[in-house]
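Trainee: Listed here are the chains, written in short residue letters.
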Amino acid sequence: MPHTLLRIATAGSVDDGKSTLVGRLLHDSKSILADSLDEIARTSAERGFGGEQPALDLALVTDGLRAEREQGITIDVAYRYFSTDKRSFILADCPGHVQYTRNTVTGASTAHAGIVLIDARYGVQEQTRRHLGVLGLLRVPYLVIAVNKMDLIDWDEQRFAAIEAQVHELAGQLGVGQTHVIPVSALQGDNVVERGANSRWYTGPTLLQLLEELPEPQQHGTARLDVQYVIRPQGALAPGLDAEEYRDFRGYAGSLTGGRLAVGDPVQVLSNGQPAASRVSGIRTPSGPVRQAEAGEAIVLLLEDEIDIARGDTVVAGQLPEPVKSLAADVCVLSPGRLAAGDRVLLKHGTRVAQARIEAIEHVLQVEDYTRIPARALELNDLGRIRLRSAAPLAATDYALSRSAGSLLLIDPRDGATLAAGIVKEEEHVPA
Amino acid sequence: MTLTATTPTGTTRSVLDALEAESIHIIREVLAEFEKPALLFSGGKDSVVVLHLLAKAVAPARVPIPVVHIDTGHNFGEVINFRDTTVARYGLNLVVGSVQDYIDRGELVQPADGTRNRLQTRVLLDTLEAHGFDAVFGGARRDEDKARAKERILSLRDEFGVWDPRNQRPEVWNLYNGRHEAGWSVRAFPISNWTEADIWAYIDREGIELPNIYFAHRRQVFERDGMWRAVTSVSQPASGEKVSIRKVRYRTVGDASCTGAVLSEADSVAKVLDELALSTLTERGATRADDRISSAAMEDRKKEGYF
Numbered sequence: 069m070p071h072t073l074l075r076i077a078t079a080g081s082v083d084d085g086k087s088t089l090v091g092r093l094l095h096d097s098k099s100i101l102a103d104s105l106d107e108i109a110r111t112s113a114e115r116g117f118g119g120e121q122p123a124l125d126l127a128l129v130t131d132g133l134r135a136e137r138e139q140g141i142t143i144d145v146a147y148r149y150f151s152t153d154k155r156s157f158i159l160a161d162c163p164g165h166v167q168y169t170r171n172t173v174t175g176a177s178t179a180h181a182g183i184v185l186i187d188a189r190y191g192v193q194e195q196t197r198r199h200l201g202v203l204g205l206l207r208v209p210y211l212v213i214a215v216n217k218m219d220l221i222d223w224d225e226q227r228f229a230a231i232e233a234q235v236h237e238l239a240g241q242l243g244v245g246q247t248h249v250i251p252v253s254a255l256q257g258d259n260v261v262e263r264g265a266n267s268r269w270y271t272g273p274t275l276l277q278l279l280e281e282l283p284e285p286q287q288h289g290t291a292r293l294d295v296q297y298v299i300r301p302q303g304a305l306a307p308g309l310d311a312e313e314y315r316d317f318r319g320y321a322g323s324l325t326g327g328r329l330a331v332g333d334p335v336q337v338l339s340n341g342q343p344a345a346s347r348v349s350g351i352r353t354p355s356g357p358v359r360q361a362e363a364g365e366a367i368v369l370l371l372e373d374e375i376d377i378a379r380g381d382t383v384v385a386g387q388l389p390e391p392v393k394s395l396a397a398d399v400c401v402l403s404p405g406r407l408a409a410g411d412r413v414l415l416k417h418g419t420r421v422a423q424a425r426i427e428a429i430e431h432v433l434q435v436e437d438y439t440r441i442p443a444r445a446l447e448l449n450d451l452g453r454i455r456l457r458s459a460a461p462l463a464a465t466d467y468a469l470s471r472s473a474g475s476l477l478l479i480d481p482r483d484g485a486t487l488a489a490g491i492v493k494e495e496e497h498v499p500a
Numbered sequence: 013m014t015l016t017a018t019t020p021t022g023t024t025r026s027v028l029d030a031l032e033a034e035s036i037h038i039i040r041e042v043l044a045e046f047e048k049p050a051l052l053f054s055g056g057k058d059s060v061v062v063l064h065l066l067a068k069a070v071a072p073a074r075v076p077i078p079v080v081h082i083d084t085g086h087n088f089g090e091v092i093n094f095r096d097t098t099v100a101r102y103g104l105n106l107v108v109g110s111v112q113d114y115i116d117r118g119e120l121v122q123p124a125d126g127t128r129n130r131l132q133t134r135v136l137l138d139t140l141e142a143h144g145f146d147a148v149f150g151g152a153r154r155d156e157d158k159a160r161a162k163e164r165i166l167s168l169r170d171e172f173g174v175w176d177p178r179n180q181r182p183e184v185w186n187l188y189n190g191r192h193e194a195g196w197s198v199r200a201f202p203i204s205n206w207t208e209a210d211i212w213a214y215i216d217r218e219g220i221e222l223p224n225i226y227f228a229h230r231r232q233v234f235e236r237d238g239m240w241r242a243v244t245s246v247s248q249p250a251s252g253e254k255v256s257i258r259k260v261r262y263r264t265v266g267d268a269s270c271t272g273a274v275l276s277e278a279d280s281v282a283k284v285l286d287e288l289a290l291s292t293l294t295e296r297g298a299t300r301a302d303d304r305i306s307s308a309a310m311e312d313r314k315k316e317g318y319f
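For the protein sequence lines, the chains are A and B, in the order given. In this text, residue positions in the first sequence follow the working numbering: the first is 69, and each later residue adds one. In this text, residue positions in the second sequence follow the working numbering: the first is 13, and each later residue adds one.
Treat the hints with care, as some may be off.
To be verified - Label-pair ranges, simulated between beta-carbon atoms: (1) A:Arg425 - B:Arg130: 46 to 52 Å; (2) A:Gln434 - B:Ala194: 38 to 44 Å; (3) B:Arg130 - A:Ala428: 48 to 54 Å.
As the list claims (entries may be wrong) - From chain B, some residues computed to sit far from chain A (all C-beta separations above 12 Å): (4) Val27; (5) Ala69; (6) Gly118; (7) Gln122; (8) Asp125; (9) Glu141; (10) Gly144; (11) Arg154; (12) Trp206; (13) Phe234; (14) Ala242; (15) Leu275; (16) Val281; (17) Glu311.
Unchecked claim - From the structure, some residues in chain A lie toward chain B, with a derived Cβ separation under 7 Å: (18) Ser99; (19) Ile100; (20) Leu101; (21) Pro307; (22) Tyr314; (23) Pro354; (24) Gly364; (25) Glu365; (26) Leu371; (27) Ile375; (28) Ala378; (29) Arg379; (30) Ala489.
Please keep in mind that the hints were generated in silico from the structure rather than gathered at the bench. None of these values were measured; they are calculated from a predicted model. In this text, a Cβ means the ideal position worked out from N, Cα and C, and glycines have one as well.
With the sequences and hints as input, model every part of the structure.
Mentor: Structure, rendered in structure tokens:
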């Protein structure tokens with residue numbers, strides 16, 4: 069079993085003990101080195117943490133920028149790295165308050181697993197519903213609910229069982245991914261990395277065990293490559309290569325998603341809005357030529373036929389999605405300002421950037437329960453359904469089928485700001 | 013949930029494969045979307061790895077962009093030699109911004125402590141502007157420092173090169189947005205998600221060459237602030253600091269005037285990996301005097317335009 073990479077996003081507020089949980093995870097997995105630990109110990113002592121029994125304030129592990137410390141808040145996603153014998157982890161630590169929904173969206177967009185904190189004293193709150201809603205909307209494959217501060221309710225098994233039932237009911241309502249619920253005390257360390265002595269009735273995995281053992285999320289469906297860059301080395305060949313061998317080389321560089329692609333496979337191409345067909349004549353990976361490549365690899369694709377393919381074009385194994393110019397998307401507004409019908413935007417989908425207009429704002433999505441509220445504009449941190457019209461046909465698919473082929477950015481054409489992140493809803497497509 | 017459906021498409025991929033693929037994706041986006049990118053190249057292991065990834069991203073074509081080195085005049089000679097042979101081997105154009113020239117012209121003054129780290133920023137910004145580079149690749153990693161931990165992969169800088177941590181673009185999925193106003197530029201960090209251990213494991217796997225000061229060698233050193241400093245023309249022992257010959261290596265490559273060595277027997281990549289697994293100090297904590305000034309030293313320098 070090779071050492072694998074798992075991307076995690078955390079959601080929860082300071083009040084839930086999220087910083088302490090992340091600090092505990094890093095500390096107990098021995099991911100904090102001595103000089104960092106000394107600094108934490110020094111600051112903990114200065115602030116008198118633990119009162120009469122001095123202790124490490126593990127929340128300091130995730131202490132951020134001076135600008136944040138001065139205001140006592142977290143303003144941005146921070147990335148942490150730790151590894152065990154089984155896995156390496158990239159943890160996107162997202163601030164949890166409502167006004168930071170855009171941060172949760174950012175962290176969740178690439179996550180394989182989302183950790184949501186619940187304070188055991190209060191159970192499922194409005195904020196829990198919101199976090200689960202966002203992680204569900206972004207289709208994070210695994211959700212882990214850490215019911216924290218179990219020490220403050222004396223490890224009450226019945227109380228935990230009630231919260232667990234609440235969580236499963238909510239997860240069912242929202243239709244979110246596989247959900248695991250774990251009772252923990254981040255402060256005392258129980259069930260985070262070590263099992264601890266306080267929860268004899270809990271027989272499931274600790275948080276770290278669970279993260280180590282979650283199956284690798286698999287992409288499925290048809291292989292797809294959005295062309296990033298066309299490689300034509302004539303006259304600019306890397307030193308040491310034989311010019312004759314590469315005289316007619318024309319390769320399409322991009323990241324393969326969705327599935328497996330092999331030499332000889334028939335493919336369809338959407339080139340400058342026009343469909344065409346060809347066959348794979350060669351595949352190169354960073355390690356050299358191969359017979360077949362898997363989703364997730366950065367490859368260079370060679371085709372049998374001379375087709376005019378450029379950046380922004382799409383190559384798929386099998387059937388191309390019906391190219392569309394009008395599409396519906398659930399968006400999260402990421403910039404100050406508002407989105408309204410009639411706005412001109414740039415739309416980035418895959419590697420294509422197209423001129424587009426917002427045709428209509430359909431509703432605001434109240435993410436706590438997925439209810440729709442009619443709206444005329446969307447503001448920063450709002451989630452809502454819009455309808456877009458693109459100048460160029462797009463080979464978009466529903467986000468539920470493919471995170472990469474179903475996601476898009478809206479960009480302000482004036483200053484380049486990223487206005488919104490969007491999730492394509494295919495059932496509401498209108499063919500071009 | 014469709015994303016966890018049980019129709020697996022293949023084998024489990026290793027950490028290094030996943031990181032390599034992500035970095036190459038980022039590099040190709042930047043090469044395609046910007047008019048005039050360049051690579052900041054110090055000869056340090058991280059920039060060497062970025063160059064290796066750049067070459068892979070465009071193979072079999074040649075790396076299509078120049079490399080920029082800000083020469084403080086305090087660099088280790090071994091590193092400058094390594095820079096020149098590497099640039100020649102890849103067939104690249106080298107642009108050098110010289111801190112010494114600025115000092116000679118009286119435009120910059122060396123601080124009393126004899127270090128030049130902070131002087132680099134001005135020279136870097138001038139060099140980028142003079143050549144009109146609109147995107148610059150760098151080898152920064154998020155595990156190095158808490159300011160870096162919050163920086164974007166494509167980090168927008170205003171016309172003064174300034175990083176504004178309060179006003180960063182969210183980066184979602186792998187859809188990078190490098191659009192910017194005229195006069196602004198982007199620093200691109202394709203190995204943001206790699207750790208020091210990943211870098212060394214990759215150097216081992218790929219057989220990447222590094223400057224020899226990364227490996228254990230005998231050197232005249234003296235101890236200062238708990239670090240072993242080389243005796244060179246720009247770093248001399250003060251009275252009372254005893255010079256001895258020790259077997260040392262460097263974990264980071266910076267100026268001789270502010271970079272410390274660690275005592276080490278690791279004279280090969282494999283031994284460095286073993287040593288790192290046992291190390292109890294962070295990379296910068298162990299070796300960089302410039303980051304010991306305060307816990308926000310990096311944050312402050314980045315706001316001034318540092319890479």
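Trainee: Each hint needs a verdict: does it hold in this structure or not?
Mentor: To see whether the hints hold, each was checked on the structure:
1. A C-beta distance of roughly 48 Å is found between A:Arg425 and B:Arg130, which places it inside the suggested range of 46 to 52 Å.
2. A hinted range of 38 to 44 Å holds for the C-beta pair A:Gln434 and B:Ala194, which are about 40 Å apart.
3. The given range of 48 to 54 Å is respected by B:Arg130 and A:Ala428, whose C-beta atoms sit roughly 53 Å from each other.
4. At roughly 5 Å from the closest C-beta of chain A, the C-beta of B:Val27 falls inside 12 Å, breaking its exclusion from the interface.
5. Once the 12 Å rule is applied to beta carbons, B:Ala69 is inconsistent with being away from chain A; the minimum gap is 7 Å.
6. Distance to chain A confirms B:Gly118 as a non-interface residue, since its nearest Cβ pair spans about 33 Å, more than 12 Å.
7. Non-interface status of B:Gln122 relative to chain A is upheld: no Cβ of that chain comes within 12 Å, the nearest being about 27 Å off.
8. The beta carbon of B:Asp125 is kept farther than 12 Å from every beta carbon of chain A, the shortest such distance being approximately 22 Å.
9. The claim that B:Glu141 is not at the interface with chain A holds, since no C-beta of that chain comes within 12 Å of its own (minimum 19 Å).
10. With 12 Å as the threshold on Cβ separation, the claim that B:Gly144 sits away from chain A holds: the shortest Cβ distance comes to roughly 18 Å.
11. Non-interface call for B:Arg154 relative to chain A: violated, since the shortest CB-CB distance, roughly 5 Å, does not exceed 12 Å.
12. Non-interface call for B:Trp206 relative to chain A: violated, since the shortest CB-CB distance, roughly 9 Å, does not exceed 12 Å.
13. Once the 12 Å rule is applied to beta carbons, B:Phe234 is consistent with being away from chain A; the minimum gap is 21 Å.
14. No Cβ of chain A comes within 12 Å of the Cβ of B:Ala242; the nearest lies about 21 Å off, and the non-interface call holds.
15. Listed as outside the interface, B:Leu275 is consistent with that label: its C-beta sits roughly 16 Å from the nearest C-beta of chain A, beyond the 12 Å cut-off.
16. Distance check for B:Val281 against chain A: the nearest CB is about 18 Å away, which clears 12 Å, and the non-interface claim stands.
17. Its beta-carbon lying about 5 Å from the closest one in chain A, B:Glu311 breaks the requirement of being farther than 12 Å from that chain.
18. At its closest, the beta carbon of A:Ser99 sits 10 Å from a beta carbon of chain B; the interface hint therefore is violated under the 7 Å criterion.
19. For the restraint placing A:Ile100 at the interface with chain B, the shortest Cβ-Cβ distance is roughly 9 Å, beyond the 7 Å limit, so the hint is violated.
20. Because the smallest distance between the Cβ of A:Leu101 and any Cβ of chain B comes to about 5 Å, under 7 Å, the interface hint for this residue holds.
21. The restraint placing A:Pro307 at the interface with chain B holds, with a minimum CB-CB distance near 5 Å, inside the 7 Å limit.
22. Using the Cβ-Cβ criterion of 7 Å, the hint placing A:Tyr314 at the interface with chain B is satisfied: the shortest such distance is roughly 5 Å.
23. Among the interface hints, the one on A:Pro354 holds; its C-beta lies about 4 Å from the nearest C-beta in chain B, closer than the 7 Å criterion.
24. Satisfaction of the interface hint for A:Gly364 is found here, the shortest Cβ-Cβ separation to chain B being roughly 6 Å, below the 7 Å cut-off.
25. A distance limit of 7 Å between C-beta atoms decides the matter here; for A:Glu365 the minimum to chain B is near 6 Å, and the interface restraint holds.
26. The beta carbon of A:Leu371 comes no nearer than 16 Å to any beta carbon in chain B, farther than 7 Å, and the hint placing it at the interface is violated.
27. The interface hint given for A:Ile375 is violated, since its Cβ lies 19 Å from the closest Cβ of chain B, which is over the 7 Å cut-off.
28. The criterion of a C-beta within 7 Å of any C-beta in chain B is not met by A:Ala378, whose closest approach is roughly 10 Å, and the hint is violated.
29. Among the interface hints, the one on A:Arg379 holds; its C-beta lies about 5 Å from the nearest C-beta in chain B, closer than the 7 Å criterion.
30. Evaluation of the A:Ala489 hint against chain B yields a held restraint, the C-beta minimum of about 4 Å falling below 7 Å.
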